[in-house]
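Trainee: These are the residues of each chain, in order.
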Amino acid sequence: MSGFLVLEQALNGLQFGLMLFLLAAGLTLVFGVMDMINLAHGSLYMVGAFLAAWLTALTGSFVLGVVGAVALTAIFGMALEAGLLRTLYARDHLSQVLATFALILILNDGTKMIFGNDLPLSAPAALAGPVELLPGLQYPAYRLLILGVGLALALLLWLLVQKTRMGALVRAGASNREMATAMGTDIPRLFTIVFGIGAALCAVAGALLGPLLAVQVGMGENILILAFVVIVIGGIGSIRGALVGAILVGAIDTLGRTLLQHVLREFLPPQWASAAGPAIASIAVYVFMAIVLAIRPQGLFPARA
Amino acid sequence: MTAPADARAAAAPNRLGLHVAALALLGAAALALPWLLGAFGLDFYLSLATRIVVYAIAATSLNLVLGYGGMVSFGHAAFVGVGAYVTAVLISEGTQSGFVHLVATLAISALAALVIGAISLRTRGVYFIMITLAFAQMLFYLANSVKGYGGDEGLSIRTRSLFALGGWVLDLKQPLAIYYVALGVLALALLALARFAPSRFGRAVLALRDDDVRAEALGFATYRLKLVVFVVAGALGGVAGALSVNLQGYVSPNVLHWTQSGTLMVMVILGGVATVWGGLVGAAVLLLLQEVLAAYTEHGEFWTGWVLLGVVLFARRGLVGVLLRRAAPRLS
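Top line first, the protein sequences correspond to chains Z and D.
When the count follows our numbering, it moves up by one through the first sequence with no breaks and lands on 374 for the last residue.
When the count follows our numbering, it moves up by one through the second sequence with no breaks and lands on 649 for the last residue.
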């Protein structure tokens, strides 16, 4: 096992973590401020990916495809929030689970009706090749782009939440919604916008991961659970927690999947190692969450006062 | 939460006769179903009926945890899956005895529920939801990685559970046998659930569901009571899994996928949380709806979603709640 392999996998882990963060950011705010379990958050990721693939094919430009998908998904998210999800905030968690589960069925099958079961989406040709990061270390240019966009958006979101008036209102809402409302914050209107931003971030993640994974119906379901794990680890309602949680989960998952196999090969027969590695890696994320909950039941960065 | 139950209890004396008659009719219809289907040449639907009964058992076991115990478990598929895998693995290893399958299923799914419950019940609220989900996910990935038993492709079995006692043999490969066995398990589960709510134990569980701080102050061992409910429900879920393997002859990690836990939750909420019939009604309505839609459209899921959404928005207590409100006069 070379140092370069570790470095490369660490970059992959960071990249996956940043994409998880884009999903988790919206989810944690909806969960933290509105106390709403939104299982359909992963569907926005899927919708974003499909729109990006469709628009990229239509315009011939990946950039136009992604930008268009982000804008359309944001509008779609806001319409969804104002039209349906808003009525669910006051309901119990069970009703929210049933309604958003229903929404997954509708959005999955609706996407299938419009676009079919999957759409092709590939990275722009200019970014198809590798870049030499260090002498001897080649890294795919497209993954580097994801890394850059992820970091830039994380920074932008941090500025938005920490330095703007709207961010202060969102933080106030996450810390104590009743008090924020009593002080005159129009939480419902604020939340339609927050939801739109969350949906846009989902679309960015879906569009950027599309060429690496696959743009297909049901792609939101598995990543949704990882996003929930991220926000539980980070502390529900906390953007900072979501970032730390996402990078931890991305690192554990990616490093576990690849490096663990190499380590296990030292002790186990190869076929055992290649079977046990990914299994332990997938489980490790959940074990980590259970440990965090056992030690810090409110997550690493609790938002609620 | 308790209003319909109270109304029902108060209305019970003068409606007892009606209840008994309705139950007798339902029981007779369920018993005669294979014969009725045969008479109309619809034998094909017996496996659908069995599937409804098996799902009803799983949903009823979840309703015990979720409705009566107030524990929003988002990982109930874990126990159904454990039961399914235990039975499938035993059969694939050559153990034919249904009694062995049953005992092993009960023991291992109860043990799984004991471990998962003991840890999860230390958390509450949304954290309980997430940690039960996390345990189910661990088992999902574990099942995916065990290549010896099919891995992600699943495990097919050629024979089924065989109950032999003296000269008397019951082979669950027979469609009638599995239907009646599943029906018997469901009837026992519903009977136990109906007896549970008014019992001393049941009242204690309902008390701590409604206000666990008060229940604890009154001296109830809340943690232990909840754990008992969780384990019993896990064992019953395991039996549902064992039956589903016998019905389908196949098990795959998908029985452990989180959308399965979600489907069971949807059935309970759709039917009626904390109602005896909720699990059965939810399972029957959802599976029949899917079956009917599949006959007319390729996009059954789409329309199923709209129906579920309509239920959330317009039938807040679930279908059983709506029916009871119509049937029983409002007393409170």
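Hints are computed from structural coordinates only; laboratory data are not their basis.
Here a beta-carbon is modelled for each residue, glycine too, at the ideal position from N, C-alpha and C.
One thing to keep in mind: the hints can contain errors.
[As the list claims (entries may be wrong)] No more than 20 Å apart at the CA atoms, straight line, and that leaves these computed lysine to any residue pairs for SDA-like:
| id | chain 1 | residue 1 | chain 2 | residue 2 |
| --- | --- | --- | --- | --- |
| 1 | D | K464 | Z | A344 |
| 2 | D | K490 | D | E410 |
| 3 | Z | K181 | D | G617 |
| 4 | D | K464 | Z | T250 |
[To be verified] Which stretches of chain Z does chain D cover? Using the computed rule of at least three CB atoms under 8 Å from a CB of chain D, they are:
| id | segment |
| --- | --- |
| 5 | 90-102 |
| 6 | 293-306 |
| 7 | 353-359 |
[Claimed, not checked] One-sided and incomplete, this derived list gives chain D residues near chain Z with beta-carbon spacing under 7 Å:
| id | residue |
| --- | --- |
| 8 | G387 |
| 9 | V389 |
| 10 | F445 |
| 11 | I448 |
| 12 | A451 |
| 13 | I586 |
| 14 | F619 |
Trainee: Each hint needs a verdict: does it hold in this structure or not?
Mentor: Against the structure, the hints come out as follows:
A hinted pair counts as satisfied when its Cα atoms are at most 20 Å apart, and D:K464 with Z:A344 qualifies at roughly 8 Å. At most 20 Å may separate the alpha-carbon atoms for a hinted pair to count; D:K490 and D:E410 meet this at roughly 17 Å. With a C-alpha separation of about 12 Å, the suggested pairing of Z:K181 with D:G617 holds against the 20 Å cut-off. Pair hint D:K464 plus Z:T250 does not hold up; C-alpha atoms about 54 Å apart against a cutoff of 20 Å.
Under the rule that three or more residues need a Cβ within less than 8 Å of chain D, the assignment of the segment 90-102 of chain Z is violated, with 1 such residues. Given a C-beta distance limit of less than 8 Å, the hint that chain D covers the segment 293-306 of chain Z holds, as 5 residues qualify and 3 suffice. Remark: the segment 353-359 of chain Z is confirmed as covered by chain D, as 4 of its residues place a Cβ nearer than 8 Å to a Cβ of that chain, reaching the required three. This hint is violated: D:G387 has a C-beta 11 Å from the nearest C-beta of chain Z, more than the 7 Å allowed.
For D:V389, the interface hint holds, the least distance from its beta-carbon to any beta-carbon of chain Z being 6 Å, beneath 7 Å. With a cut of 7 Å, the hint placing D:F445 at the interface with chain Z is violated, because the nearest CB-to-CB distance is about 10 Å. Among the interface hints, the one on D:I448 holds; its C-beta lies about 6 Å from the nearest C-beta in chain Z, closer than the 7 Å criterion. Among the interface hints, the one on D:A451 holds; its C-beta lies about 4 Å from the nearest C-beta in chain Z, closer than the 7 Å criterion.
Because the smallest distance between the Cβ of D:I586 and any Cβ of chain Z comes to about 5 Å, under 7 Å, the interface hint for this residue holds. For D:F619, the suggested interface contact is upheld, since its CB lies about 4 Å from the closest CB of chain Z, less than 7 Å.
Against the hints set out earlier in the document, violations occur for numbers 4, 5, 8 and 10.
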